[in-house]
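Residue numbers for the sequence shown follow UniProt numbering, so the first one is 1 and each next one is one higher.
Please note that a few of the clues may not be correct.
As the list claims (entries may be wrong) - Listed below are the simulated SDA-like cross-link pairs for lysine to any residue, each with C-alpha atoms no more than 20 Å apart in a straight line:
#1 LYS56 <-> ALA15
#2 LYS268 <-> LEU243
#3 LYS41 <-> ARG52
#4 LYS56 <-> GLN40
#5 LYS190 <-> GLU161
Derived by calculation from the structure, the hints in this document are not laboratory data. Since this is a predicted model, take the numbers as computed values, not measurements.
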Amino acid sequence: MNQLTPLDRDLWGGAPLTDAEFREIAAMLHQEARISLAPQKATLVRSRLSRRLREKELKNFGDYILLVRRDANERRQMIELLTTNHTHFFREQHHFNHLRNEMMPLWRGRSMREPVRIWSAASSSGEEVYTIAMTLLGQDLREAQWARGAGVQLFATDISEEMVSAVRKAEYPKGHLEQIPQPWRKLWAKETRDGFAIAPEARNLVTASQLNLFERWPWRHSFDAIFCRNVMIYFNEEAKAELEMRLVAQLVPGGALYIGHSERLVSKAKDFMIPCGHTMYRKPETMR
């Protein structure tokens, strides 16, 4: 059994989490979302799930595990509580510089019949996909006309319904406004009483939906670029390899893949991609 110090009890309160209970929760999380939890994450698991025990009036984690086993909605709730959703606008700026300077010139001649499609996988609360939108729309209204003419379509997905709702709402705290450089901030972020909202021109480019990356993908089309950043660090090597190959297959020839700052392609996927900068890859034009 995990040994809880008096500080642990004062900090978190409630029921203890045994090693066996942690392993069972970790196994369910891996089965449902392929996320691997190291043993040192036990305190995090206990702190994030203790509130659910109180809300469900359960006395211990054993009873909670029984509930999660039989209740699919509670399983989804557990996954949402244990999923990290840290992000901010223009995170890893070099990705957006590459998108703007290297990829956008290739797309400017496109028409509505051949739309530009970009996928923000594991999009969290939407800062990434709206950074993509602002990057494509550019720094003045005249420049933004190309995105409308090219029929740009941005897809944001996340395993958490709460995060998907946040993307659709597209409203953020005032403190996050400083993350957006001028003049993008002036054009595409509109101040509200409690913070700011993404301008309709950017919001209208985005479709948000719930998606588990290891379930069947609904796309009938391929993507010109995929952002799958800072999520593969939570998967084991087998899951990473599976996801990487599926991402490569979902790109059009010449498409770009952007991954997180501490991530690398670890599977055979790297044999099908050309590195084009730190954590950036292009699919060769001749590959299908």
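Here's how the hints hold up against the structure:
1. Using a Cα cut-off of 20 Å, the hinted pair LYS56 and ALA15 holds, with the two alpha carbons roughly 13 Å apart.
2. Restraint check for LYS268 and LEU243: the C-alpha separation of about 11 Å stays at or below 20 Å, so the hint holds.
3. Among the hinted pairs, LYS41 with ARG52 is consistent with the structure: their alpha-carbon atoms are about 18 Å apart, no more than 20 Å.
4. Distance check on the hinted pair: LYS56 and GLN40 sit about 26 Å apart at the alpha-carbon level, beyond 20 Å; violated.
5. Our distance criterion of 20 Å between C-alpha atoms is broken by LYS190 and GLU161, whose separation comes to about 25 Å.
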